[in-house]
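So the sequence lines, in the order shown, correspond to chains A and B. For the first sequence, my numbering gives the first residue as 625, with consecutive numbering after it. For the second sequence, my numbering gives the first residue as 5, with consecutive numbering after it.
Hints are computed from structural coordinates only; laboratory data are not their basis. All values derive from a computational prediction rather than experimental measurement. One or more of the hints may lead you astray.
[Said to hold, decoys possible] Incomplete in silico selection of chain B near chain A, CB under 7 Å:
#: 1; residue: ALA21
#: 2; residue: THR34
#: 3; residue: ASP40
#: 4; residue: PRO59
#: 5; residue: ILE61
#: 6; residue: TYR125
#: 7; residue: ILE129
#: 8; residue: ALA137
For each residue, glycine too, the CB sits at the ideal point set by N, CA and C.
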Amino acid sequence: MSKFRKGGEKGMPAISTASLPDIVFMLLFFFMVTTVMRETTLFVDVTTPKATEIKKMGKKSLVSYIYIGSPIKRMQASYGSAARIQLNDAFAEVSEIQEFIATERESRDEKEIPYMTASIKADETVKMGIITDVKQELRKANALKINYSTRKGNY
Amino acid sequence: MASKRRGLPEINAGSMADIAFLLLIFFLVTTTMDVDTGIARKLPPMPEEEQEKPPEIHAKNIYTVLINTHNQLLVEGEYMDISQLKEGAKTFIDNNGRDPSSSENPEKAIISLQNDRGTQYVTYIRVQNELAAAYNELRNKEALNKFGERYIDLNKTQKKEIRKMYPQKISEAEPKNIGGDS
Chain A
625 MSKFRKGGEK
635 GMPAISTASL
645 PDIVFMLLFF
655 FMVTTVMRET
665 TLFVDVTTPK
675 ATEIKKMGKK
685 SLVSYIYIGS
695 PIKRMQASYG
705 SAARIQLNDA
715 FAEVSEIQEF
725 IATERESRDE
735 KEIPYMTASI
745 KADETVKMGI
755 ITDVKQELRK
765 ANALKINYST
775 RKGNY
Chain B
5 MASKRRGLPE
15 INAGSMADIA
25 FLLLIFFLVT
35 TTMDVDTGIA
45 RKLPPMPEEE
55 QEKPPEIHAK
65 NIYTVLINTH
75 NQLLVEGEYM
85 DISQLKEGAK
95 TFIDNNGRDP
105 SSSENPEKAI
115 ISLQNDRGTQ
125 YVTYIRVQNE
135 LAAAYNELRN
145 KEALNKFGER
155 YIDLNKTQKK
165 EIRKMYPQKI
175 SEAEPKNIGG
185 DS
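The shape of chain B in the complex, shown without the other chains:
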């Protein structure tokens, strides 16, 4: 009877904060905020049985990059260090017919990449990275020229326009197995 008069005793909520802190710290520790980053690429679809003949491409519009099993580069038939690849690709893409043996214009320029099965992945990624960098720099330059802003700051239609001028055409041939797999 006595307790009824006093009503229910109040629960002490003083330790609530401690419990909440404990949970909070657990989630703080387990949270990973990092966003995955990477180089995005699109694979060509599997060739169909009855394929129409692909359009012919002038040999001068193709920039061949070969990587061998020792991670060495052969670009347009000549040995090249990987650090020069970006400049090489840029001059090829942006040639605009100046050099008759190089590409006609950026829209027609194609980079053909072929690697060996023994090539190290890190070299392959670096080559992909350098080629992407070449395109990005050219697009940036054009964007600054045309709109006075960097490529990433442009809006969608402007980006599309720049992309149309400098389409990123990197073709990958089926790899050869000269140097061996291991």
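Excised from the complex, chain A in its bound form:
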């Protein structure tokens, strides 16, 4: 009767799936580009404290992470349960921080050095003694921009 009913007799034509791979590839490339693979395996337990007045950190490539916490269960047999510092992929002593900052600086462009941030990812239960030592070393290394890593949340 109406114009629109004409095609009804032929049944639904199959939808072409030829462009499906293209769509999927597009998504794939998006995720490939945005993915940042986790580089370090954590040897210390870190549950960062909660805070409300937080700021987002800038470029990830300019951030050097310093992890502080007690060693994970598997490592406690050989390292004990006292809080330790982890830099990159290994436990470190406080005295190694200056060297760590120096190598981090070397791998960056000279122009970017003033924007580099040291992020302290410490566990809630850690005592301030070790944090203070780390901060003191950072001052000596002239890495003055720091960031206390926290989660968003209320008390």
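With the hints as your guide, set chain B onto chain A.
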């Protein structure tokens, strides 16, 4: 010869989507979108050998916050619960000479923070957070008063102006080791 006439056989691309899906799911799972957040602070540079005398600061312009090894707070010589710290800091900063024993104006007000080596990190962060909250609330109030917008919605020059009125001056003294490290 026969094949030449037919040309190259077409490769079946039907499974292409499956392969792409597989890769897609892998990247979907491994992607972490979360941005790192935290409290940004600036450390003071190491003191140089020949340092000129620091300018003298009136004792009334300093708001001392001490944290002991049992995570208790001593603010201006009195015990205080951590939940009251924000209000306390706000009244101190925004005193503007009303109370002669408190700060003269927000620009001169300094918060001095000292903790013990035995203080727990979570308490320290909470104190830092409360102090930052005090400043943020004061800045917000001023921004609403002056520009009718919240501090974060202001443009750069407006933010600078507010920041100049309420500079965040938190000084950290070298920690003491009274309560012990462990």
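Now the hints, each set against the structure:
Evaluation of the ALA21(B) hint against chain A yields a held restraint, the C-beta minimum of about 5 Å falling below 7 Å. For THR34(B), the suggested interface contact is upheld, since its CB lies about 6 Å from the closest CB of chain A, less than 7 Å. Taking 7 Å as the C-beta contact cut-off toward chain A, the hint placing ASP40(B) at the interface holds, the least distance being around 5 Å. At about 21 Å, the closest approach between the beta carbon of PRO59(B) and any beta carbon in chain A exceeds 7 Å, and the interface hint on this residue is violated.
Hint on ILE61(B) is violated. Least Cβ distance to chain A is approximately 21 Å, over the 7 Å limit. For the restraint placing TYR125(B) at the interface with chain A, the shortest Cβ-Cβ distance is roughly 4 Å, inside the 7 Å limit, so the hint holds. Of the supplied interface hints, the one on ILE129(B) holds, with its beta-carbon coming within about 4 Å of a beta-carbon of chain A, less than 7 Å. Restraint check, ALA137(B) versus chain A: the minimum CB separation of about 5 Å is within 7 Å; hint holds.
In summary, the numbered hints that this structure violates are 4, 5.
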